[in-house]
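S.K.: Chain by chain, the residues:
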Amino acid sequence: SQQGEEDPQALSIQEGENATMNCSYKTSINNLQWYRQNSGRGLVHLILIRSNEREKHSGRLRVTLDTSKKSSSLLITASRAADTASYFCATGNTDKLIFGTGTRLQVFP
Amino acid sequence: EPEVTQTPSHQVTQMGQEVILRCVPISNHLYFYWYRQILGQKVEFLVSFYNNEISEKSEIFDDQFSVERPDGSNFTLKIRSTKLEDSAMYFCASSVQGRETGELFFGEGSRLTVL
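Quick note, the sequences are listed as chains A and B, same order.
Sequential numbering of the first sequence, starting at -7, is according to this note's numbering.
Sequential numbering of the second sequence, starting at 31, is according to this note's numbering.
There may be inaccurate statements among the hints.
Listing some non-contacts, in silico: residues in chain A with all C-beta distances to chain B over 12 Å [what the hints assert, rightly or not]:
hint	residue
1	9
2	14
3	18
4	52
5	53
6	54
7	59
8	63
9	72
10	73
11	75
12	76
13	99
Subject to a maximum C-alpha distance of 27 Å in a straight line, what follows is the list of computed DSS-like cross-link-like pairs (lysine-lysine) [as the list claims (entries may be wrong)]:
hint	chain 1	residue 1	chain 2	residue 2
14	A	62	B	87
15	B	113	A	18
16	B	72	A	48
17	B	113	B	87
If you're looking for bench data, these hints aren't it; they were derived computationally from the structure.
As the structure is a prediction and not an experimental result, all values here were calculated from the model.
Where is the CB? At the ideal position from N, CA and C, for every residue including glycine.
Chain A with its partners taken away, still in its complex shape:
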């Protein structure tokens, strides 16, 4: 079964607006990570939130984690055209990381 699924699959917004992406997972976790992928490029780590944390901030990023609902959200505030990319959540309990299906974010100038 898939470990992580993001929704929405695609999101289009105007510059300056906030973007919220959600991730649901199925099994228990030690931590959850978010990654970004520009088209055709490698993945870049954005933020890691541990299972005993509920919220974490990094610059314009805010991540929440609800282990009771097995879900996480990534909020990008004051979006910019350069934020256009695919965003993936990832979870893993051993030495492998399983990625979700991703949300494609398009930010229009």
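Fit chain B to the supplied structure of chain A, relying on the hints for placement.
M.R.: Okay, now just chain B, sitting in the frame of chain A:
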């Protein structure tokens, strides 16, 4: 800033041929991974490698695949006899941590096209 480097960036091969994809992980990292991404699809785990042996592998990583760390710097993925469905972007990644599943650092990928 240290980075994971992958070669080649793009390889075109005929079905049935052997392919070797190369990666140079970040020098102080101990855990190494291969992932693949078929065009427009999700990033799929293939294999992880630690202390000169495979630590985890997925169902995708069958007998046609092998990994090796032939020296202190390179980490390779070999596909013994390529199939059309092996066409994908292959990403190498490395990590300082493994069991705690810390941050992975990815290379820019090797695009494999099997004709």
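S.K.: Against the structure, test the hints numbered earlier, and report the numbers of the ones violated in rising order.
M.R.: 15
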